[in-house]
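Chains as they are written, first to last, in this note's numbering: chain A, 1 to 405; chain B, 1 to 455; chain C, 1 to 302.
Bear in mind the hints are in silico, worked out from the structure with no lab data behind them. Hints may be right or wrong, so weigh each one.
[Said to hold, decoys possible] The calculated lysine-lysine pairs, modelled on DSS-like cross-linking and capped at a C-alpha distance of 25 Å, are: (1) K325(B) x K176(A); (2) K325(B) x K125(A); (3) K276(B) x K125(A); (4) K125(A) x K270(B); (5) K194(C) x K13(A); (6) K176(A) x K319(B); (7) K125(A) x K206(B); (8) K107(A) x K325(B).
[To be verified] One-sided and incomplete, this derived list gives chain A residues near chain B with beta-carbon spacing under 8 Å: (9) Q96; (10) L103; (11) P124; (12) K125; (13) A167; (14) S195; (15) A261; (16) T349.
Here the structure is a predicted model, which is why all the values come from computation and not from measurement. Every residue gets a Cβ at the ideal spot worked out from N, C-alpha and C, and that includes glycine.
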Amino acid sequence: MNPLDRINKALGKVPVHFAVILMCLLWIIPTLGLFVTSFRSRQAVQTTGWWTVFLPQPKAVGQPEYTQYCSSCHGANGKAIASADLSNPNVVNQYQSAASLLLMLRKPVNGQPHLLHPTLSSTPKEAITTLTPVLTYLQTLSGQKQASSEFTLDNYVDAIVGYKGTADYLPDCQNKVPSTLAVMNCNTSDILNSSGMGIAFINTLIVVIPATILPIVLAALAAYAFAWLDFKGRQWLFALLIGLQIVPLQMALVPIAQLYARLGMQSTFLGIWLFHTGFGLPYAIYLMRNFIGSLPREIFESAYLDGASHWAAFRRLALPLAMPAIASLGIYQFLWVWNDFLVAKVFLTTHPVLTVQIQNLIDPLGQNWNILTGAAFLSFIVPMIVFFAFQGYFVRGLLAGSVKG
Amino acid sequence: MFKLSKMFVLLVVLALAAAACAPQPTPTEAPTAVPATQVPTAMPPTAAPAATATQSPAASIDCKGAKAGDTLSVLYQWTGSEEQNFNTIVKPLVDACGIKINAQSTRDAAVLDTMVKSTPPDVLFWPDLSPIKLYSDKLVALDADGANAGNYASDWINLGTSNGKLYALPAKSDMKTLIWYSPAQFQALGYTVPTTFADLQTLADKMASDGNVPWAMGLESGAATGWTGADFVEDILLATQGTDYVNGIISGKVPYNDPGVMSAYQIFQKWSSDPKYTVGGSTGTVSTNFGDAILQVFSNPPKAMMVDKATFAAGNITKQYPNLKLGTDYNAFAFPGAQGVQVSADFMYAFSNSPAAQALLAYWTSDLGGQNFAATNWGLSANKGAAGNYTDPMMTTLGNIFANAKGYAFSTGDALGNPYATAQWKAVVNVAQGQDIKTNLDTVAAAQTQSLQGK
Amino acid sequence: MVPKIMKQGRLAPWLYLLPSLILMTIFIVYPTFATVRLSLLDAHSLRSAATTCAAGQPCWGILENYRYALTNPEMLAALRNNALWILLMVPGTIIGALFFALLADRVPYENLAKSIIFMPMAISFVGASVVWRFVYDYQSSGSQIGILNGILTALGGQPVAWLSAPIINNFCLMLVGVWLWAGFCMTILSAAIKGVPAEILEAARVDGANEFQVFGNILLPSIMPTVVVVATTMTIIILKVFDVVYVMTGGYFDTEVIANRMFELIVTNAGQSTAIAVVLIVLTIPIMIFNVQRFRREEAAR
Chain A
1 MNPLDRINKA
11 LGKVPVHFAV
21 ILMCLLWIIP
31 TLGLFVTSFR
41 SRQAVQTTGW
51 WTVFLPQPKA
61 VGQPEYTQYC
71 SSCHGANGKA
81 IASADLSNPN
91 VVNQYQSAAS
101 LLLMLRKPVN
111 GQPHLLHPTL
121 SSTPKEAITT
131 LTPVLTYLQT
141 LSGQKQASSE
151 FTLDNYVDAI
161 VGYKGTADYL
171 PDCQNKVPST
181 LAVMNCNTSD
191 ILNSSGMGIA
201 FINTLIVVIP
211 ATILPIVLAA
221 LAAYAFAWLD
231 FKGRQWLFAL
241 LIGLQIVPLQ
251 MALVPIAQLY
261 ARLGMQSTFL
271 GIWLFHTGFG
281 LPYAIYLMRN
291 FIGSLPREIF
301 ESAYLDGASH
311 WAAFRRLALP
321 LAMPAIASLG
331 IYQFLWVWND
341 FLVAKVFLTT
351 HPVLTVQIQN
361 LIDPLGQNWN
371 ILTGAAFLSF
381 IVPMIVFFAF
391 QGYFVRGLLA
401 GSVKG
Chain B
1 MFKLSKMFVL
11 LVVLALAAAA
21 CAPQPTPTEA
31 PTAVPATQVP
41 TAMPPTAAPA
51 ATATQSPAAS
61 IDCKGAKAGD
71 TLSVLYQWTG
81 SEEQNFNTIV
91 KPLVDACGIK
101 INAQSTRDAA
111 VLDTMVKSTP
121 PDVLFWPDLS
131 PIKLYSDKLV
141 ALDADGANAG
151 NYASDWINLG
161 TSNGKLYALP
171 AKSDMKTLIW
181 YSPAQFQALG
191 YTVPTTFADL
201 QTLADKMASD
211 GNVPWAMGLE
221 SGAATGWTGA
231 DFVEDILLAT
241 QGTDYVNGII
251 SGKVPYNDPG
261 VMSAYQIFQK
271 WSSDPKYTVG
281 GSTGTVSTNF
291 GDAILQVFSN
301 PPKAMMVDKA
311 TFAAGNITKQ
321 YPNLKLGTDY
331 NAFAFPGAQG
341 VQVSADFMYA
351 FSNSPAAQAL
361 LAYWTSDLGG
371 QNFAATNWGL
381 SANKGAAGNY
391 TDPMMTTLGN
401 IFANAKGYAF
411 STGDALGNPY
421 ATAQWKAVVN
431 VAQGQDIKTN
441 LDTVAAAQTQ
451 SLQGK
Chain C
1 MVPKIMKQGR
11 LAPWLYLLPS
21 LILMTIFIVY
31 PTFATVRLSL
41 LDAHSLRSAA
51 TTCAAGQPCW
61 GILENYRYAL
71 TNPEMLAALR
81 NNALWILLMV
91 PGTIIGALFF
101 ALLADRVPYE
111 NLAKSIIFMP
121 MAISFVGASV
131 VWRFVYDYQS
141 SGSQIGILNG
151 ILTALGGQPV
161 AWLSAPIINN
171 FCLMLVGVWL
181 WAGFCMTILS
191 AAIKGVPAEI
201 LEAARVDGAN
211 EFQVFGNILL
221 PSIMPTVVVV
231 ATTMTIIILK
241 VFDVVYVMTG
251 GYFDTEVIAN
261 RMFELIVTNA
271 GQSTAIAVVL
281 IVLTIPIMIF
291 NVQRFRREEA
301 AR
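Just chain A, same shape as in the assembly:
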C-alpha cells in the first residue's frame, strides 16, 4: 500500500471515529453528570448545573452594582466603615434576601438617608431587582459565596455513615450538634452504622455471593441433562423452561412470603438466596444448555466409549469447557442480584442491602436527596469493577447462550 492510500484510508475513517466517539460521549454524559454532582454541595447542586464547573466562572457577579451604590462609602473592599465592615460575614449574614437589604437601606443613617446618590427606584419590586446582584456581591465579599462553589466529599461521607442530620456529618460532628448525632459516635465505628452504606455493603456481599454461585451450579447440572441425557418429556420440559423466563417476579412475592412465614424463614439470608436461585434458574439453564449442547459431540462420545460415567463426563469435560458460559452467567447473575431492589426489600427486611439502604437514606419529603448522589456512586463501584474485569468472558458467554454454536 503506498503512503497516499494510507492517508486516504485514515481520512476515510474520520467519520467512523467521529460517530463512535460521539456515541460514547452521549452514553457517558448522564453518568458523568452524576459523578460531578456527587462532589458538589447541595446548595450548589440546587442552584447551578453540574456542567458549569467546567465553564469559566463569571467573575464577581454584582460588582458593577456594588461599585455604583456602595463603594463610595464602604470602599471597594467593603472595609472602609469599621462599624459596618462588609467583608465581615457576621454583618452580611443579617441580610439573607435583597428584600431585607432594602428594609435596612430604608432606615436613615445619622439622620440622613442611607443611600444619598444614586437613589433606588421607589417601586419596591424594582429596588429589589437592583439589590439582588448587590447582595450576591456582598456574599462573595464576605466569603460565603465560595462555600457553595467548592467541591466536597460530604455526600459520600454522609452516605457511608447514613447521616440525615441538620447539615452534614463532618461539620455537625465538629460542632457537636447534639440532637441528631446521638446515634453517631463521630469516630471510625460510624462506618458500620446500621443506617449507612458500609453495613449495607457487607449485607449485599453476603447476599450476592451465594445467590450467584448456587444457581450456576444447579443450572450446570440441569443443562448437562438437557444437552446430553435422554429422558421422557425432555423437549416438553425445556419448552416450559423457556416459558418460565417470562413470569413477572412481582407475582411471586406474596405466595413466597406466606410460605417463608410458615417455615420461619422470613428475613433470612437463606430465604433470599433460594428466591434468587429459583428465579435465576430458567435463564441460567437456557443459556448453559445452549453452550454445553454446542460442545463437539465427538468429545463426549469418545469419553463414553472409554468407559467414563456421566458424572465424570460432566465434571471433567462439560464443566471445564463451559467455563466461559459459567463466567458470563456469573457476571449476569451477579449484576442482577447486586442491583435487585424489590426482592431484598421484601425478603430481607432486617438486613438492608445497598439498593434498599439508598431508599432508606432519602426521606419521603426529599430533604436528603443530595446524599443519593454519593450513595448511587458507591453502589456502582463493585459492579463496574466486576464488569470491566470479566468483560471478555461476558461477551463470549452471551453469544453462546443466544446463537447456536
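Chain A is fixed; fit chains B and C onto it per the hints.
Chains B and C alone, transformed into the frame defined by chain A:
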C-alpha cells in the same frame, strides 16, 4: 478507638443483663441501656435529647404485665433521625419494663402487605388509614388493647373507628393548612398577612398585578404526583366550606363532584395554571418537585411570594438555606379563614394484644407519652398530654395552633385510600393543566364510591 | 432423532434435574398458579370476581378482572404505550446497537468504546433514576440544573418539561431504556459480526460490492438468527418494563405501562393486579412458541 467501643458494648451487654435481672428498676439506675433497635453505640457526652424524656418518673409507666425480655415487633416508615426520635420517646418504657423492641422500617405498601399476610408486626405505624380497610380481620381494637382513647379529640376517634371499633390513633401528626412566606419580602413590598380567605384572594390578585408571582406550586412527587395540590384544594375547602364538609367527603355524605368542591377547584385552577399566579404556569406547577417549590419562595431573587405546605417545609428551607432566620426570613401563617386544620398522621395500629404491645399502646397514648413526644420536637402530637410541652419556638407556635384548632380534617386521600387517592391526585394534575373540572371530578367521585364500598 | 450417546440410565437425568426443578416449581410454577387463581377473585381475594360487578354495568362474570385489564381506559393507554415501546424501542435499540457494533469493529479502542456503551447495565434502577434526574430536570425559569434544558437555554430556547410534556415524555423514557439496554444488544450483535468469516466479506469486496451491499447481502443474512434472538429477548424485557416508568414519572402524564399498573394495584386490588399479570404472561405466549420452535429446529439439526 475500636477497643474503647468494644468495651462499651460489653458494658451495655452487662447493663442489659442487669436490667433483665431487676424487673422493677428504679428510674435512676436504668439510663445506660440503649434502645434495643439500635446497634449499641456510645453516646457522645453532648447528646442530651433523651434527658428530658428520662426525667419523668418511671412509676407512671404501666407495663401491662409485660415481663423483662418480652419482645415486641414494630413496623414503621421512619429511618435515620426519625427512627432515633422514636427510640428516644420509647426509651423510658423500654427501661421501665425491660421489653425488647424489634423494629423494621419500610415505606413500601407492598412490603407491608407481604408482612401482614405472613408475619404481622405487633404494632404498626402507618401514614394512612388503608390498613383499616385492608386488614380489619387481623387488627386488634386499640381501646381494648391498653390505649387511652380519652386523650384524643373526637374527630380523631371517628377517623380511626370502623364498625364501632377503634383501630387507629394518630401517633405523630403533621399540620397542613399553613402558608410559608418571607416576612422581609412582605414588608419590603408592602403586603400584610391576610386573615380571611377573601383577603388572601385579594392579596394574590394584588401580587399578580404588581408582577410578583403569588404562588410557588410543585405537584411532582414520583408515583404520588398531585398530592400537594390535593392538600391545597382541601385547604381552600376548609376556608370556603369548613371541617364538617371535608369530613363529609371522607364519610361519603359529600360527593367529590359537589358544587362546593367544584368552586374550590375553579380557584385552584386559576392559581395553578396562570403564569401570573404560579411559577411557570401549568407546566411549572405539574413539573416542579414539591420540595423545589418550597425553595422558590426563599431563593435570591425569590420566584414566588407564598407556598402552601405542611409543617415539614421548615426542614426543607433550613437545609437549603441554613442562614435564614425564623420570623424575619421565613415564617408561616395559618391558611386564612380555614375553619379547622387539615392534618396528616402516622397512625398506630395493633395486630397483637400481647402485654408488651399493650404496654407500648398505653404508654404512647398516656399523658407521659405525649410529654415525651413533645420534648423531641419531632412533630405534632394529637395526644392531649403533648400540648405545651414542645421546647422549640416554632413547634410551640405550631403546637398551639394545632391544639386549639376548631376541628381536624384529615387529608381525604390518606383517609380513603385507593382508588380514590390516586384518582384525586390525577384529577388535580389534570385540572392544573387546564382540563375540564366537571369531567375530572366525576371520575374522582366514582372512585370515592368505590373506596367507600371497600371500607 | 436423539443422539445415541444420550441413552444411558433412566434415573440419572432426574438426579441432575431434580434440584433445579424443585426450586423452580416452588418459586415460579406455584406462584403462577396462585396468580391465576387470585385473578378470578375480588380485590381482597375473598369472593369470586363476579361479585364485584356493579348493576347496570357491563360484566364478564368470573372474568370481571379481565374486563378491567382489557377494557379500562387506563389499561388501554398502558397497552398502547407498551405497544409503542416495543414498536419503537426494539428496532431502535437493535439498529443503534448494530450500527455501533459495526463502527466499533473498525477502531483500535473497540473494547473501551464497548465498555462505555455497556456500562449502564451495571447500574441499578435506583441509581439510573438519579443519573437521569440531572438530564431531564426542568426549571420554569432561572438557571437550569438538567443538562438538556441547560443546552436548550444556552442556545436561546425555552426550557422543556421533558417528563410531563405529552408524547415527548414517552420518547424520553424510551431513551433511558435504550441507554440501559443497547449495551446488552451491542455485545451480542458484535460477537455475531465477528463470527462471520472475514474471507467471505473480502471476496464480496473483491467482486466489486460496496460496503452497503456487503452488509445487506452477506453480513446481515449471516447474523439474522442472532438479530432474531436479540429481538425476542428485548420484546420480553420491554413487555415487563416497569422500573424506568415507575421511578421517572410514576405513570403520570400518559406514560402508563402494563407492569406499572400491575405494581400499583398489587396491594389495593389483588384481583385486578393478578389479572394484568396473566394478560402479561399470555402476551408473551407467541414469543414462547417461537422460541420452542427454534429449539426444535436446533435439536433436529444436531
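These are the hints, each one checked on the structure:
Taking the CA atoms of K325(B) and K176(A), the gap is about 21 Å. The hint holds against a cut of 25 Å. Proximity of K325(B) to K125(A) is assessed by CA-CA distance (about 22 Å); at most 25 Å being required, the pair is judged to hold. With a CA separation close to 15 Å, the supplied pair K276(B) and K125(A) stays within the 25 Å bound. A distance of roughly 23 Å separates the Cα atoms of K125(A) and K270(B); the hinted pair therefore holds under the 25 Å criterion.
Between K194(C) and K13(A) the CA atoms are separated by roughly 19 Å; this keeps the pair inside 25 Å, and the hint holds. Restraint check for K176(A) and K319(B): satisfied, since their Cα atoms lie roughly 17 Å apart, inside the 25 Å limit. Between K125(A) and K206(B), the direct Cα distance comes to roughly 13 Å. Compliance with the 25 Å bound is thereby established for this hinted pair. Taking the CA atoms of K107(A) and K325(B), the gap is about 20 Å. The hint holds against a cut of 25 Å.
The beta carbon of Q96(A) comes within 5 Å of a beta carbon in chain B, closer than 8 Å, and the hint placing it at the interface holds. With 8 Å as the threshold, the beta carbon of L103(A) comes within range of chain B, its nearest partner Cβ sitting at about 5 Å, so the hint holds. Interface hint at P124(A): satisfied, since its Cβ lies 5 Å from the closest Cβ of chain B, which is below the 8 Å cut-off. About 6 Å separates the beta-carbon of K125(A) from the nearest beta-carbon of chain B, less than 8 Å, and the hint is met.
Annotation: interface hint on A167(A) holds; nearest CB of chain B at approximately 6 Å, less than 8 Å. A hinted interface residue such as S195(A) counts as satisfied when its beta carbon comes closer than 8 Å to some beta carbon of chain B; here the least separation is about 5 Å, so the hint holds. A least Cβ separation of about 3 Å between A261(A) and chain B falls short of the 8 Å threshold, and the interface hint therefore holds. Hint status for T349(A) relative to chain B: holds, with the closest Cβ pair at about 5 Å, below 8 Å.
Violation of the numbered hints given earlier is absent; every hint is satisfied by the structure.
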